[in-house]
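Residue numbers (this note's numbering), protein chains in the order written: chain S, 1 to 230; chain B, 1 to 277; chain G, 1 to 341.
Worth double-checking, as some hints may not be accurate.
[Stated by the list, open to error] So the derived label-pair ranges between C-beta atoms look like this: (1) G/Arg121 - S/Gln125: 30 to 40 Å; (2) S/Asp67 - G/Asp203: 49 to 59 Å; (3) S/Pro57 - G/Trp200: 39 to 49 Å.
[What the hints assert, rightly or not] Pairs of lysine to aspartate or glutamate, EDC-like flavour, derived with a Cα cap of 20 Å: (4) S/Lys182 - B/Asp43; (5) G/Lys62 - G/Glu23; (6) S/Lys182 - B/Glu56; (7) B/Lys149 - B/Glu126; (8) S/Lys182 - B/Asp203.
It should be emphasised that the hints constitute simulated quantities derived from the structure, not laboratory data.
The model shown is predicted, which means the values in this text are computed figures rather than measured ones.
Cβ atoms here follow ideal geometry from the backbone N, Cα and C, with glycine treated the same way.
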Amino acid sequence: MGYIGEGILKALKLLLSGDPETYSAILTTLKVSSLSISTSLIMGIPPGFVLGYYDFPGRKQLRAFVDTLLALPTVVVGLFVYALISKRGPLGNLGLLFTIPGIAVAQTILILPIVVSLTATAVSQLDMRFKDTVLTLGAGKRKVALSAIFESRYGVGAAAISAYSRAISEVGASMMIGGNIKWHTRTITTAIALETGKGDFGMGIALGIVLLLFAFIVNWVVQLLKRKKV
Amino acid sequence: MYKLLSLTLIFFALYGLRDASSSEHPVLTMATTTSTDNTGLLDYLVTRFRSDTGIELRWVAVGTGKALMLGRNCDVDVLMVHDPEAEEEFMKRGFGFERKPFMYNEFVLIGPRNDPAGIRGMSVNEAMKAIAKWGAIFVSRGDESGTHKREMSLWRAAGLSVPGREPWYIETGQGMRNTIQIAEELGAYTLADRGTYVQYEADNHGNPPLVVLVDGGSTLRNQYSVIVVNPRRCKDVQLGLALRFMRWLLSSDTQRLIAGYKILGNQLFIPNAREGE
Amino acid sequence: MKQTVLYKIVHLRHSYRTGFSLEIPHLTISKSSSLGIVGPNGSGKSTLLRLLAFLQKADSGKIYFDGSWREWGDPGCRLKVTLLCQEPYLLRRSVFNNVSYGLKVRGEKRNLTGRVHNAMRLVGISPEKFSHRRWFELSRGEAQRVALASRLVIDPQVLLLDEPTANIDRKSSLMIRKAIEKVRESFHTTVVITSHDPVWLHDIADEILRMHDGRIAGSGTDNIIEGPWVPDHDGLWTKVLPDGQKIRAMKPPLERAPGVLSSTNIMISTRKPVEISAQNVLSGVVRQIIPVADSERMQLEVHVGGVPFSCSVTRYAVRALDLLPGKEVWVIFKASSVQWQ
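Only chain S is shown next, with the shape it has when bound in the complex:
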């Protein structure tokens, strides 16, 4: 109880006093995760839709492949991305190492399978009568596809939330690619890793509570969206 109580007190102190290090970590997390979720949604929803909506030879195998990518270990991704964006690597001259976009690249790779797979599931679960209904109301092929995405929006939204949660709780790749540089690439998770490693459990728990708050807010936003008349 000591650690946790201490942590909660410290968390309140840090947040209410506007502690710059804490808020810098929060801001960095926001920047990185916004970048990675935006990119992965743009890159992932179309293929996810195709995978769930159309039938083509090899579809099952492709789906199984994407599902195995769901279990990509973060440190492996971190290693792979480092090899890519290090100055010695093929994308070295992009200068992504130790930057926020660099971390976003790693996170995007990590969460892309989530977006693709869950979108595919959402779309494939569309009632067959949906297609008949929009067709008989006059929709052309393209409109049918677009309407199908809209119709599965709750499933896609769930995919996005799931992907976002994975992104903000990620440590391994963020540490490797970002370098945990104070004020610049120190996210909430890498800061927690640092502080707990130093034995400062109070600070670690404080940041952990902030992360939980994050998760609650994200969930609250989802509930709000659900209730909104659409």
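Fit chains B and G to the supplied structure of chain S, relying on the hints for placement.
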């Protein structure tokens, strides 16, 4: 509502992208070790460096091995490490442009207050033998860092083989501060650099569970050097900025600053740059 | 009034992997007419409707629609024909957005709100109360009405309805019927409706077709007598009814073949005939008396051993015999009247 959410997302995403480009000040990227970072010296020096030169120093704190790798891969402009043997190898193989030692402190053997193996006040060799004989838990960095390599040489100097598989020998593979933390949890002995130890002491309000039991003095000297990465190998290295940093570190003003860095009234580092080299 | 042909179906065939197949050699539907299709589940009603709605490509055969023979994928068709399915299905959006979908897809934005509200009122759904309701906040009947509204709002040339009032509450059922009548009257929409309920259908349809086992089995007033048929000793074949009574017919092509008995071949008596040439004299109870529009005749639905028989009698006979629901009567017909397809 959707619109608000998307706008927020896009705002932060663009904000994040902006960070990829350089800031107003020129940026110098450095790889250093966890022990250096753990002492807080860099936080202390970086503001002064910026006001003196207008250069913003950014550093990643990793194990020595990784720091050297980053130097080899041209991912950083300058290194600040403390493993002379590895550094000399680094220079010999042409990865570095210039290397200058600039400060030092010592390694100390720390352990629980009750000192089960009774090494307090012993010489380093005696202490190592006692620990091995007693089978007291010893936590090692186990990460090929400067500290780790020094520790291994201590076993050998005491005429022992590196414990390796012994049940009382724990290899953490982590940074100095983490390793101290683990040693504390296990009530174990470990070799630490004084800088990280004093920081640890301060974090525990001057009353830490682990205390210095053996102070080897000059036999356990821990020398820090700054190395500029070789621009002939790494085209993108900010040679000018790196050299300015090196010269700034070696300047008498900065050397005085380093000496003046204290935690709990203890000086952590002794500057030893040799001017005019 | 000149009857223009809107649909012409020739040798239409469609099979499913389950073994069921639809086979319609010939069918014509006139513009602005109202066609009813009766038949049990699995008789092919829904399949036929889907083919008429151009939602599915038939395995073989040709469909002529609105002036030309249509190839599969012809873009104009689906915009003129719309189908309302049996189970109410709405898109995951508000009622308003459901109804307006067809208009938006056609890019018809002019007076969108007005048209949507009109369509809603047509099916008895108040725009003020219901526009913002979401797809799951409706009763089954309300949902089906909204689904109908979304089809009416686009002013279709052809309105196809698959069991539109099955399992729907009375009020909704009534409103749906009123809406159909209204569009027929105002826009001369061609309507094809399938139903289990012949009474309801009689009121709303000009002509009724019966379907059985993927085929058109006579007009709506024919009786279908399913097999199995068992050979009797005197060369005739017998089908046993649930209450033990027997129907006798000539030899069927297959044991399980369905026999068709036209309602005009049935005679009704209130007293058991003693010596009569007809081999079928069955005891039954009158269930319904249905007037036929513009005709001297009436359709009598008599239950014989629980099986409904449709019999055609004159109004005069109804009065003379004092026929009322619940009255016990005798159903009489010849064995040769049971015809085979």
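**Prompt:** Where does the structure disagree with the numbered hints, that is, which hint numbers, in rising order?
**Reply:** Violated hints: none at all, because every hint is consistent with the structure.
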